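Undergrad: Listed below, chain by chain, are the residues.
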Amino acid sequence: MNSLASQIGMICDHIRPDERMLIDSARNKGIDLHVYNAEDIFFEVTNPKEKFLEPVILQRSISYFRGLHITALLESKGVKVVNSYKAASICGNKALTSIALSKHRIPTPKTLLAFTEGAALKALDTLGYPAILKPVIGSWGRLIAPLKDVDSAKAIFESREYMFPLYQIYYLQEMIERPQRDIRCFAIGDHAVAAIYRYSAPGDWKTNIARGGKAEPCSITPQIEELALKAAKAVGGGAFGVDIMESDHGLLVHEVNSTTEFRSTTETTGVDIPGILLDYLVETART
Amino acid sequence: MGKKVTCPECGVEYDAPDDVMIREILTCPDCGLEVEITSVEGEKLGCRKIVMEKEDWGE
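Just so you know, the protein sequences line up as chains A and B, in that order. Residues 207 to 493 in this note's numbering are what the first sequence lists, from first letter to last. Residues -12 to 46 in this note's numbering are what the second sequence lists, from first letter to last.
These are calculated hints, taken from the structure and not from any lab test. Bear in mind the structure is a predicted one, so any value in this text is a computation, not a measurement. For glycine and all other residues, C-beta sits at the position ideal for the given N, C-alpha and C. Errors might be hidden in some of the hints.
What the hints assert, rightly or not - Computed Cβ-Cβ distance ranges for the label pairs, DEER-style:
id: 1; chain 1: B; residue 1: C18; chain 2: A; residue 2: N243; range: 35 to 43 angstroms
id: 2; chain 1: B; residue 1: V(-1); chain 2: A; residue 2: A361; range: 51 to 59 angstroms
id: 3; chain 1: A; residue 1: K292; chain 2: B; residue 2: E30; range: 41 to 49 angstroms
id: 4; chain 1: B; residue 1: D5; chain 2: A; residue 2: E256; range: 30 to 38 angstroms
id: 5; chain 1: B; residue 1: G19; chain 2: A; residue 2: S358; range: 33 to 41 angstroms
id: 6; chain 1: B; residue 1: C(-3); chain 2: A; residue 2: Q429; range: 43 to 51 angstroms
id: 7; chain 1: B; residue 1: K36; chain 2: A; residue 2: G236; range: 34 to 42 angstroms
id: 8; chain 1: B; residue 1: T14; chain 2: A; residue 2: A301; range: 49 to 57 angstroms
id: 9; chain 1: B; residue 1: V(-1); chain 2: A; residue 2: E245; range: 25 to 33 angstroms
id: 10; chain 1: A; residue 1: D238; chain 2: B; residue 2: G19; range: 28 to 36 angstroms
id: 11; chain 1: A; residue 1: D485; chain 2: B; residue 2: Y1; range: 28 to 36 angstroms
Produce the entire structure from the sequences given, and follow the hints as far as they go.
TA: Structure follows, in structure tokens:
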């Protein structure tokens, strides 16, 4: 019979290959992993006595807003969630991530935030061209636009005026001169466990593997380790994929991912990320 | 005999994990089409093509 510490929950809305790796790894480790499908569950928000069997639940929902709400509800019922509501909300919002990184003096690209088209153009005068416009909430590199000059900025800002108000928060970042790759380092608990170089897909300047980019193993240097662990701590601690750029002025953290896809990193590096993540969850349940 | 999926794109039949779950995403080894499992009863699983992109989806 499994002890309480080996009972772990997992919330997901689809079983991707990543979640399948977790399910198979849990079985091999003798961990009782209870999979909750986010599309089937509901909560009695006003019932504080509603309890979950598992002391720790891994949040793997692909949907950011759904995952965030479920995490808040689980935490309200005394469950430890990896990652916490605080960490997930910071990681899911690029502006909050930039604030957290800056507050903890972690090198990150220069970033300005404006809330109208006019203010955004003034901000770009300060930042200079080329720059990058990113949605504060969004992933897999969607709707990220390079702003080459004032005319392209005006055209892109005009299109944003017709979109949901979230897209009228102008998150503007300096364009970093860098190789056609970035580094993703997995920080789980107090350890940087694996890292890959992510190369842009042909014809694309973004390095997301989901966009067809390719991965190669990356040695975790002391500097990468220090940055990844500091960034993870800055957003609240837990299990993260920390994205790092190699600039002329050194390494810069540009993103911290909360429900990170690890399949390509596991396949590329041979590091058993699902196993390490499960061990971390068991350890978290015991503390 | 294990559980099987028939790819709705190219028709190739391939194996699914024994404990395959509803909404699990499988990839056709032949054409690469990603499908979402819709039923797990019996040996032949139900599935449909999945587009992995909604507005707030991702890592």
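Undergrad: Compare the structure with each hint and give your call.
TA: Do the hints match the structure? See the list:
1. B:C18 to A:N243: 35 to 43 angstroms: violated (27 angstroms)
2. B:V(-1) to A:A361: 51 to 59 angstroms: With Cβ atoms ~45 angstroms apart, the hint is violated.
3. A:K292 to B:E30: 41 to 49 angstroms: Cβ of K292 of chain A to Cβ of E30 of chain B: about 46 angstroms, so the range 41 to 49 angstroms holds.
4. B:D5 to A:E256: 30 to 38 angstroms: With a Cβ separation near 33 angstroms, D5 of chain B and E256 of chain A satisfy 30 to 38 angstroms, so the hint holds.
5. B:G19 to A:S358: 33 to 41 angstroms: holds (35 angstroms)
6. B:C(-3) to A:Q429: 43 to 51 angstroms: holds (47 angstroms)
7. B:K36 to A:G236: 34 to 42 angstroms: holds (36 angstroms)
8. B:T14 to A:A301: 49 to 57 angstroms: At 35 angstroms between Cβs, range violated.
9. B:V(-1) to A:E245: 25 to 33 angstroms: holds (28 angstroms)
10. A:D238 to B:G19: 28 to 36 angstroms: holds (34 angstroms)
11. A:D485 to B:Y1: 28 to 36 angstroms: holds (32 angstroms)
The structure fails hints 1, 2 and 8 (numbered hints given earlier, in ascending order).
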